[in-house]
Amino acid sequence: MLDDAMPTIDMPAGPGVLAAGSILYLDGVTVSFDGFRALNSLSLVLAPGELRTIVGPNGAGKTTMMDVITGKTRPDKGDVLFDQNIDLTRLDESAIATLGIGRKFQKPTVFEHLSVFENLELALKTNRSTLATLFFRLSGQQAEQIAATLQRVGLADKARQQAGSLSHGQKQWLEIGMLLMQDQRLLLLDEPVAGMTDAETEATAELILDLARDKTRSLVVVEHDMEFVRALGAKVTVLHEGSVLAEGSLDAVQANPKVVEVYLGR
Amino acid sequence: MTSFSARLLTCGNRRLWTGLAVGALVFLVLVPVLNLAVPVDSALHLPNYMVTLLGKYLCYALLALAMDLVWGYCGVLSLGHGAFFALGGYAIGMYMMRAIGSRGVYGNADLPDFMVFLNWQELPWYWFGFSQPWFALLMVVVIPGALAFVFGWLAFRSRITGVYLSIITQAMTYALMLAFFRNEMGFGGNNGLTDFKDIFGFDLALPSTKMGLYLASAVVLGLAFLLARFIVTSKLGRVMMAVRDAESRVRFLGYSPTAIKLFVFTLSAMLAGVAGALYVPQVGIINPSEFSPANSIEIAIWVAVGGRGTLIGAILGAFAVNGAKTWLTGAAPELWLFLLGALFIIVTLGMPKGLIGLWAQSKARLFRRSAVTEEKEARHA
Ligand SMILES: Nc1ncnc2c1ncn2[C@@H]1O[C@H](COP(=O)(O)OP(=O)(O)OP(=O)(O)O)[C@@H](O)[C@H]1O
Ligand SMILES: [Mg+2]
Numbered sequence: 001m002l003d004d005a006m007p008t009i010d011m012p013a014g015p016g017v018l019a020a021g022s023i024l025y026l027d028g029v030t031v032s033f034d035g036f037r038a039l040n041s042l043s044l045v046l047a048p049g050e051l052r053t054i055v056g057p058n059g060a061g062k063t064t065m066m067d068v069i070t071g072k073t074r075p076d077k078g079d080v081l082f083d084q085n086i087d088l089t090r091l092d093e094s095a096i097a098t099l100g101i102g103r104k105f106q107k108p109t110v111f112e113h114l115s116v117f118e119n120l121e122l123a124l125k126t127n128r129s130t131l132a133t134l135f136f137r138l139s140g141q142q143a144e145q146i147a148a149t150l151q152r153v154g155l156a157d158k159a160r161q162q163a164g165s166l167s168h169g170q171k172q173w174l175e176i177g178m179l180l181m182q183d184q185r186l187l188l189l190d191e192p193v194a195g196m197t198d199a200e201t202e203a204t205a206e207l208i209l210d211l212a213r214d215k216t217r218s219l220v221v222v223e224h225d226m227e228f229v230r231a232l233g234a235k236v237t238v239l240h241e242g243s244v245l246a247e248g249s250l251d252a253v254q255a256n257p258k259v260v261e262v263y264l265g266r
Numbered sequence: 001m002t003s004f005s006a007r008l009l010t011c012g013n014r015r016l017w018t019g020l021a022v023g024a025l026v027f028l029v030l031v032p033v034l035n036l037a038v039p040v041d042s043a044l045h046l047p048n049y050m051v052t053l054l055g056k057y058l059c060y061a062l063l064a065l066a067m068d069l070v071w072g073y074c075g076v077l078s079l080g081h082g083a084f085f086a087l088g089g090y091a092i093g094m095y096m097m098r099a100i101g102s103r104g105v106y107g108n109a110d111l112p113d114f115m116v117f118l119n120w121q122e123l124p125w126y127w128f129g130f131s132q133p134w135f136a137l138l139m140v141v142v143i144p145g146a147l148a149f150v151f152g153w154l155a156f157r158s159r160i161t162g163v164y165l166s167i168i169t170q171a172m173t174y175a176l177m178l179a180f181f182r183n184e185m186g187f188g189g190n191n192g193l194t195d196f197k198d199i200f201g202f203d204l205a206l207p208s209t210k211m212g213l214y215l216a217s218a219v220v221l222g223l224a225f226l227l228a229r230f231i232v233t234s235k236l237g238r239v240m241m242a243v244r245d246a247e248s249r250v251r252f253l254g255y256s257p258t259a260i261k262l263f264v265f266t267l268s269a270m271l272a273g274v275a276g277a278l279y280v281p282q283v284g285i286i287n288p289s290e291f292s293p294a295n296s297i298e299i300a301i302w303v304a305v306g307g308r309g310t311l312i313g314a315i316l317g318a319f320a321v322n323g324a325k326t327w328l329t330g331a332a333p334e335l336w337l338f339l340l341g342a343l344f345i346i347v348t349l350g351m352p353k354g355l356i357g358l359w360a361q362s363k364a365r366l367f368r369r370s371a372v373t374e375e376k377e378a379r380h381a
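Protein chains in written order, with the UniProt record's numbering: chain A, 1 to 266; chain B, 1 to 381.
FYI, nobody ran anything at the bench for these hints, they're computed from the structure. Only a predicted model underlies this, so the values are computations on that prediction, with no experimental measurement involved. Don't be surprised by glycine CBs; every beta carbon is placed ideally from N, CA and C. Do not rely on the hints blindly, as some may be mistaken.
[As the list claims (entries may be wrong)] Calculated pairs, DSSO-like style, for lysine-lysine (alpha carbon to alpha carbon, straight line, at most 27 Å): (1) B:K325 with B:K56; (2) B:K363 with A:K158; (3) A:K125 with A:K107; (4) A:K258 with A:K125; (5) B:K210 with B:K56; (6) B:K325 with B:K235; (7) B:K210 with B:K197; (8) A:K215 with A:K235; (9) B:K197 with A:K125; (10) B:K353 with B:K363; (11) B:K235 with A:K158; (12) B:K363 with A:K107; (13) B:K56 with B:K363; (14) B:K353 with B:K325; (15) B:K210 with A:K158; (16) A:K107 with A:K158; (17) B:K235 with A:K72; (18) B:K210 with B:K325.
[What the hints assert, rightly or not] Interface residues of chain A toward chain B, partial, derived using beta-carbon atoms under 10 Å: (19) K72; (20) G78; (21) E93; (22) R103; (23) Q106; (24) T109; (25) E112; (26) L114; (27) A123; (28) K125; (29) A255; (30) V259.
[To be verified] Quick list of the computed label-pair ranges, beta carbon to beta carbon: (31) A:G35 with B:I346: 19 to 29 Å; (32) A:R137 with B:R14: 36 to 46 Å; (33) A:S32 with B:A175: 35 to 45 Å.
Construct the complete structure from the given sequences, taking the supplied hints into account.
Here is the structure:
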């Protein structure tokens with residue numbers, strides 16, 4: 001049913017072939033803001049179940065890439081395919097979220113006037129139609145699911161508290177919790193440990209590794225904190241001026257002279 | 001359905017149900033008793049004109065409630081709600097015009113007086129059906145609802161928000177005002193619709209009819225309040241607040257703010273239409289000035305004064321501001337607009353949560369003070 005509704009690419013031997021077997025496929029993606037190229041022919045392929053970290057100096061285009069994947073920004077050029085053949089550039093944010101792509105923003109955005117519990121309740125995977133939402137009643141099982149998530153992100157004792165009153169780190173956790181509630185197939189985490197203490201950072205790394213372990217979902221994590229990137233131990237993609245500069249293990253990219261120049265040259 | 005009624009029961013706490021019961025007692029029992037049972041020469045007697053005045057306030061309160069639903073909870077500052085109110089009023093007015101029949105000045109059984117005056121020979125097609133009460137009542141919600149749906153669909157789909165949305169809603173009501181002023185439109189032009197004789201067979205001149213309209217307004221306000229309460233305490237209510245506070249974030253959760261705002265905007269316009277339909281028989285006239293942009297702005301002021309996003313604040317605000325208006329237009333009419341402007345500035349700068357917020361604040365302060373004194377006394381003892 002989903003396949004019928006979704007516009008698909010039907011080029012005989014275009015991106016479809018190269019995208020075969022991928023969960024996310026970006027090719028030649030270009031985004032310009034008033035002539036300035038935030039993304040410059042960016043290409044990136046993510047396998048199902050893969051955990052990928054993305055690093056790069058400020059302004060490299062990391063957040064813009066997530067904007068393109070989640071439908072917030074339309075690319076000027078290039079292919080963005082989800083699950084091999086779903087063209088994301090033709091869908092809007094809510095359709096993409098419904099497809100199974102979740103996102104945690106760089107600046108933590110939770111619903112400040114709602115309680116922590118209510119934030120998770122809104123994220124819970126349910127029918128999103130207006131009437132279904134009006135008549136929604138939380139089942140016992142769903143309440144347990146929320147309680148389990150609260151436990152998992154360490155906010156169990158703050159369930160009734162207004163989300164606006166949480167610390168920066170706690171908001172990050174709540175947003176990760178919201179992602180978990182949505183039960184998405186692809187998670188995009190933009191700087192998940194910014195503003196966290198060392199202990200919190202460590203716990204977040206464990207949580208992410210835990211999420212990646214059973215390979216049922218794919219994760220893209222953008223982060224500046226190299227300790228954290230090392231802890232994740234995943235393949236690293238280095239972005240610079242809107243395109244991929246290097247890709248490989250953390251040690252390999254750190255030894256790459258081009259990467260060293262970009263990081264030290266500024 | 002049982003789960004629905006269970007949900008309805010949980011949409012309010014004990015305080016809410018007590019408040020609602022007190023409101024019902026005052027408006028449905030006390031007012032009729034003071035008007036009908038207390039002798040006219042008694043100081044406690046409530047004169048007929050006061051009943052109609054209260055009936056008018058109840059309609060304003062319903063209008064404010066509709067506004068709060070879409071503005072206070074969903075963040076859509078519509079400055080065109082006066083148009084939906086007026087359209088509901090015109091729909092019932094058209095029925096009442098048709099009900100006059102041959103009792104008009106010209107004695108024409110088919111055409112309202114103003115059409116005879118314009119030398120029209122037959123009834124325009126869009127007046128068909130309005131001789132039937134059920135049709136007119138249907139149109140009271142269908143016309144404002146349809147306009148809101150189409151208008152909202154165009155605006156929300158193009159992601160027009162904030163001040164831009166407010167401006168185009170003002171333009172909408174202004175355009176409707178200009179259109180309704182034209183005689184050729186067939187709604188009585190400048191003079192609007194008036195000289196009504198009866199409604200659903202009840203003589204409008206009788207105090208009992210006036211009492212009936214007043215009571216209907218009170219009951220409808222109560223029901224609308226429950227409906228609104230049901231919505232804002234549902235999960236949809238929380239998504240509405242999420243849309244108000246961070247619309248774009250809601251999209252990434254998979255909800256469609258467009259659909260949600262469209263639903264609330266349309267429902268709110270329907271409630272405004274009902275308010276207008278209850279209002280017009282009580283005041284006896286509907287004319288294009290009801291579409292004036294200033295009217296719609298006033299509705300926003302009632303809600304802001306009472307306190308946005310609380311429902312009860314909207315009702316309080318409508319009563320408070322209109323009470324002040326009635327009093328002042330008697331005492332010093334030229335001051336009213338200045339006062340209204342000043343009120344708006346004071347509320348936006350000084351009391352963002354309106355009267356409701358003020359009350360909550362002073363209660364909190366009172367509690368704190370009594371706690372402090374208790375502590376002191378305890379220390380002294
Ligand atoms: N809406 C926009 N309009 C204009 N320029 C933009 C816009 N969004 C991003 N940019 C620019 O595009 C470039 C890439 O920004 P982006 O936010 O993607 O970088 P980033 O890699 O996420 O950086 P950081 O590490 O600081 O978060 C920056 O130079 C930024 O100023
Ligand atoms: Mg960024």
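Do the hints match the structure? See the list:
1. B:K325 with B:K56: Distance ~13 Å between K325 of chain B and K56 of chain B Cα, so the pair holds.
2. B:K363 with A:K158: 26 Å, holds
3. A:K125 with A:K107: 23 Å, holds
4. A:K258 with A:K125: Judged against 27 Å, a Cα distance of about 43 Å means the pair is violated.
5. B:K210 with B:K56: Status holds; Cα separation ~11 Å.
6. B:K325 with B:K235: 38 Å, violated
7. B:K210 with B:K197: 13 Å, holds
8. A:K215 with A:K235: 15 Å, holds
9. B:K197 with A:K125: 57 Å, violated
10. B:K353 with B:K363: 14 Å, holds
11. B:K235 with A:K158: 20 Å, holds
12. B:K363 with A:K107: 36 Å, violated
13. B:K56 with B:K363: Roughly 31 Å separates the two Cα atoms, so the pair is violated.
14. B:K353 with B:K325: 21 Å, holds
15. B:K210 with A:K158: 54 Å, violated
16. A:K107 with A:K158: 21 Å, holds
17. B:K235 with A:K72: OK: K235 of chain B and K72 of chain A at ~25 Å, within 27 Å.
18. B:K210 with B:K325: At roughly 22 Å apart (the allowed maximum being 27 Å), K325 of chain B and K210 of chain B satisfy the hint.
19. K72: This hint holds: K72 of chain A lies near chain B, its Cβ roughly 7 Å from the closest one there, short of 10 Å.
20. G78: 21 Å, violated
21. E93: 4 Å, holds
22. R103: At about 5 Å, which falls below the 10 Å cut-off, the nearest Cβ of chain B leaves the hint on R103 of chain A intact, so it holds.
23. Q106: 13 Å, violated
24. T109: At 5 Å from the nearest chain B Cβ, T109 of chain A passes the 10 Å test, so the hint holds.
25. E112: Nearest chain B Cβ about 6 Å off; hint holds.
26. L114: 6 Å, holds
27. A123: 6 Å, holds
28. K125: Constraint on K125 of chain A satisfied, holds at 9 Å.
29. A255: A255 of chain A check fails; min Cβ-Cβ to chain B is 37 Å, beyond 10 Å.
30. V259: 31 Å, violated
31. A:G35 with B:I346: 19 to 29 Å: Since the Cβ atoms of G35 of chain A and I346 of chain B sit about 47 Å apart, the hinted range of 19 to 29 Å is violated.
32. A:R137 with B:R14: 36 to 46 Å: 21 Å, violated
33. A:S32 with B:A175: 35 to 45 Å: Distance hint for S32 of chain A, A175 of chain B holds at roughly 39 Å.
Checked against the numbered hints above, the structure violates hints 4, 6, 9, 12, 13, 15, 20, 23, 29, 30, 31, 32; every other hint is satisfied.
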